[in-house]
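Count along the sequence shown from 1, then add 76; that gives the number in this note's numbering.
Take every hint as true, because none was put in to throw you off.
The calculated lysine-lysine pairs, modelled on DSS-like cross-linking and capped at a C-alpha distance of 30 Å, are:
| hint | residue 1 | residue 2 |
| --- | --- | --- |
| 1 | K256 | K180 |
| 2 | K213 | K256 |
| 3 | K252 | K180 |
| 4 | K213 | K180 |
| 5 | K252 | K213 |
If you anchor each label on the Cβ, the simulated ranges turn out as follows:
| hint | residue 1 | residue 2 | range |
| --- | --- | --- | --- |
| 6 | V257 | P201 | 17 to 25 Å |
| 7 | R155 | E259 | 30 to 38 Å |
| 8 | S179 | K252 | 20 to 28 Å |
| 9 | P201 | D151 | 20 to 28 Å |
Read the hints as simulated data drawn from the structure, not as lab findings. Beta carbons: idealized from backbone N, C-alpha and C, even for Gly.
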Amino acid sequence: IISEQFVVSLGKIHLPQNSQDQPQSKLMNILLIDPTIGTGDGLNTGLSWLCASVEASGHDARVLDLVNRESMSFDEEARLVRQNIERLSPDMVGFCVHSITLSKTTRLCESVASFFQGPIIIGGPQMAFELGGIFDKIPQTTYAIIGEAEDTLPELMTAMSENREDVSDIPGVIWKQSGKVVENQPR
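My request is simple: use the sequences and hints to build the entire structure.
Written out as structure tokens, the structure reads:
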């Protein structure tokens with residue numbers, strides 16, 4: 077299930093109304109993927125909040141919800157991920173990782189990296205335990221987000237739209253600089 081306009085209205089969200097309010101940087105879009113856990117039921121409300129924050133910052137977010145689907149093989153899931161990436165053409169792909177989905181996310185990232193050239197962003201509850209070690213477990217990771225991503229992801233998307241290579245000023249981001257893992261200050 078993928079939502080074509082996945083923004084939860086949790087209050088009034090200010091979106092740009094005229095050219096003076098338009099962001100100066102290029103609008104970026106991200107596909108956020110919630111991998112299946114085999115027994116899932118219910119919407120990932122964290123991704124709902126995250127989408128609202130991304131949209132409020134002038135960027136675009138879509139969610140590929142694999143939790144609320146009938147059980148499928150890994151190959152079917154990987155095929156569905158690829159179809160949606162090709163259909164939506166996101167600038168970046170993000171994965172929400174739970175302890176129970178770490179192994180599957182690792183395999184999905186490997187699959188995605190074989191055809192997708194953009195950044196792969198890892199976040200979610202498991203990151204509190206992984207920290208910079210996620211780059212060893214999922215080497216395709218471009219950025220990892222620690223803690224609540226509602227401020228961090230929009231700032232990171234803006235930095236990327238400005239082609240900034242140094243994101244050391246964005247709290248909550250873990251990234252690589254010259255091959256070395258850098259853990260920014262927590263948010």
